[in-house]
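Add chain B to chain A, keeping to what the hints say.
Residues per chain are reported as follows:
2 protein chains.
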Amino acid sequence: MSDERQRRHKRAMEKLKQHVDAKVAAASVERGLLLVFTGNGKGKTTAAWGTVARALGYGYGVGVVQFIKGEWECGERQRLADDPQLEVVVMATGFTWETQNRDTDRAACEATWAHAERMMTDPSRYLVVLDELTYMLKFGYLDVQRVMRALAHRPPEQTVIITGRNAHRELLEMADTITEMQETRHAFNQGLKARRGIDY
Amino acid sequence: MSDERQRRHKRAMEKLKQHVDAKVAAASVERGLLLVFTGNGKGKTTAAWGTVARALGYGYGVGVVQFIKGEWECGERQRLADDPQLEVVVMATGFTWETQNRDTDRAACEATWAHAERMMTDPSRYLVVLDELTYMLKFGYLDVQRVMRALAHRPPEQTVIITGRNAHRELLEMADTITEMQETRHAFNQGLKARRGIDY
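Residue numbers (our numbering), protein chains in the order written: chain A, 1 to 200; chain B, 1 to 200.
So that you can see chain A by itself, here it is in the shape it has in the complex (with noise of 0.2 Å):
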């Protein structure tokens, strides 16, 4: 490489190194965050897994909570289900399409954030993941001053991830980091079958 296009380079990466160090020197609060993985493509549950490996990686207390999900979804939960660190609650009634009863899937809910609300008061758990729950509260399952407030109440250190599309406005009003994964494209509509250990 030409001496001119590396002082080139060196000067715009330094550029860009003030630039980061800067923004790292104002990020000066420390606190649990509340992380809204939403939109309608690929990666939201996926996302919140990965970031209970990276929590798990360094010996944190996770806890998972996985609404409307059956229990065919499981290699993620299989391979980090023996942490003692980790405790997964999985709703498992199947998806409502399939189970087709409000009343059943409501009680299966109510039942299951029981566990959610336990994670949230204890200050052990380092990260709460809320799989899917944006589901809850657009079917009514839920309500979401009954969230908020859950949300509220957590210990400080504690951060929460709730994936799911469709995520409500109030929730998405109260979150640190919203990230919208948009699907522009997805295999499945090109008629390629789902993959097991890569789409489930």
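Some hints could be false.
Copies of the same chain are indistinguishable here, so a pair counts whether it falls within one copy or spans any two.
Here are the simulated lysine to aspartate or glutamate pairs, EDC-like style, with alpha carbons at most 16 Å apart [unchecked claim]:
id : residue 1 : residue 2
1  : Lys138    : Glu110
2  : Lys138    : Asp3
3  : Lys10     : Asp103
4  : Lys138    : Glu117
5  : Lys193    : Glu157
6  : Lys15     : Glu170
7  : Lys193    : Glu30
8  : Lys193    : Asp21
9  : Lys15     : Asp143
10 : Lys138    : Glu170
Because the hints were derived from the structure by calculation, they are not lab data.
Chain B only, in chain A's frame:
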């Protein structure tokens, strides 16, 4: 709940189930996928690691190649590193704006890419993650044609996940599934410190 509401719900769910069943039936092609997680939002790398945990949960062989990122980001690696089915290679030169030497970075990229190529010829790797690869193309450290060639010739059962901002147009054209992780809000920009075990 009223009987009428219960009936309405049941009908809506039956219709949804028909729609989903039809899509599942139409998806008949079985092969490894090319997934791209791009966009400026949080969740690209963690979604890849979540998928790693998922694939490992079924006992599949997984290879991860991390471009750029340094040793400091390691929670998820640490947690999964003991898995005999997982191989992780990390370029680990630190961020390019810290090393600020284009030639060194390019050489490190070249050496790291060799591992990616090896994994992409190995049928025992059911999943290969090329984390932050997009920057290697953007910085000109790696030629896109070379990457496309390796992808095109990989074992048919192998799924590859590429993460990073500003994914190359040709990579996007080749992808089966693209998720654009959009940053709607980020805690860091509101003065909140990055959290150990959450952000890194």
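| Which of the numbered hints above does this structure break? | 2, 4, 6, 9
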